[in-house]
Amino acid sequence: RKEVEQDPGPFNVPEGATVAFNCTYSNSASQSFFWYRQDCRKEPKLLMSVYSSGNEDGRFTAQLNRASQYISLLIRDSKLSDSATYLCVGLEGDSNYQLIWGAGTKLIIKP
Amino acid sequence: EAGVTQSPTHLIKTRGQQVTLRCSPISGHTSVYWYQQALGLGLQFLLWYDEGEERNRGNFPPRFSGRQFPNYSSELNVNALELEDSALYLCASSLSGGANIQYFGAGTRLSVL
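Those protein sequence lines, which keep their order, are chains R and X. Per the working numbering, the first sequence starts with residue 109, numbered consecutively. Per the working numbering, the second sequence starts with residue 10, numbered consecutively.
Hints listed in this document are in silico derivations from the structure and should not be mistaken for laboratory results. You may find that some hints are simply not true.
Straight-line Cα separation of at most 20 Å, SDA-like style, residue types lysine to any residue; simulated pairs [to be verified]:
(1) R:LYS153 / X:ASN109
(2) R:LYS214 / R:VAL121
(3) R:LYS214 / X:LEU50
(4) R:LYS150 / X:ALA47
(5) R:LYS214 / R:THR126
(6) R:LYS153 / R:ASP165
(7) R:LYS153 / R:ASP190
(8) R:LYS153 / X:GLY51
(9) R:LYS153 / X:ALA47
(10) R:LYS214 / R:LEU154
(11) R:LYS150 / X:ASP59
(12) R:LYS150 / X:GLY51
(13) R:LYS214 / X:ASN109
(14) R:LYS150 / X:SER120
(15) R:LYS150 / X:LEU48
Generate coordinates for the entire structure from the input sequences, incorporating the hints supplied.
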């Protein structure tokens with residue numbers, strides 16, 4: 109099983125809608141996660157960190173479900189500029205932790 | 010404050026040649042990571058350097074190698090280039106340790122003909 113798994117999409121969503129996607133992880137000892145955003149042919153950029161209590165930043169909400177080992181990203185009132193690939197990042201390793209990257213979920217917001 | 014910088018931005022090589030990519034981390038960051046991203050695919054971890062030492066290596070052949078200098082900048086070397094090495098090579102830096110937030114450079118786009 110892959111360490112971090114994401115639905116590759118694409119998710120085609122009308123502008124103004126709410127969209128949510130999940131990311132599952134296999135390392136139950138992982139303490140922190142991140143969501144990054146990557147625009148086409150650009151570098152990934154940190155969107156938000158996800159700790160045990162979850163995180164909210166404007167229209168974006170990330171939550172952690174330890175029992176089911178997944179994290180979610182919710183985008184409210186989606187904008188055309190939200191179109192991008194969203195990368196879920198967890199941790200792997202027993203002691204020498206290192207970030208492990210999901211393959212990304214592609215989101216397309218349509219007018 | 011300057012972010013992660015990579016050079017060159019674009020590179021065209023032919024099969025069998027060798028290439029060196031360079032990365033300067035954010036000031037204060039001692040960890041540098043290298044990733045390969047082929048067109049339309051996810052990030053593939055290549056190498057992680059911290060405090061001048063290689064901490065981990067991804068599932069790539071030995072012709073992919075690198076090093077980190079005392080000023081924490083880093084080089085990625087690829088020998089005997091193959092067509093499938095064509096990709097965006099991304100460098101990221103973080104504070105010491107692998108669990109910290111990584112900040113990326115804009116990447117070097119390598120085309121192997």
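Status of each hint after checking the structure:
| no. | hint | in the structure |
| --- | --- | --- |
| 1 | R:LYS153 / X:ASN109 | holds (14 Å) |
| 2 | R:LYS214 / R:VAL121 | holds (11 Å) |
| 3 | R:LYS214 / X:LEU50 | holds (11 Å) |
| 4 | R:LYS150 / X:ALA47 | holds (12 Å) |
| 5 | R:LYS214 / R:THR126 | holds (15 Å) |
| 6 | R:LYS153 / R:ASP165 | holds (15 Å) |
| 7 | R:LYS153 / R:ASP190 | holds (13 Å) |
| 8 | R:LYS153 / X:GLY51 | holds (14 Å) |
| 9 | R:LYS153 / X:ALA47 | holds (18 Å) |
| 10 | R:LYS214 / R:LEU154 | holds (16 Å) |
| 11 | R:LYS150 / X:ASP59 | violated (25 Å) |
| 12 | R:LYS150 / X:GLY51 | holds (12 Å) |
| 13 | R:LYS214 / X:ASN109 | violated (25 Å) |
| 14 | R:LYS150 / X:SER120 | holds (16 Å) |
| 15 | R:LYS150 / X:LEU48 | holds (11 Å) |
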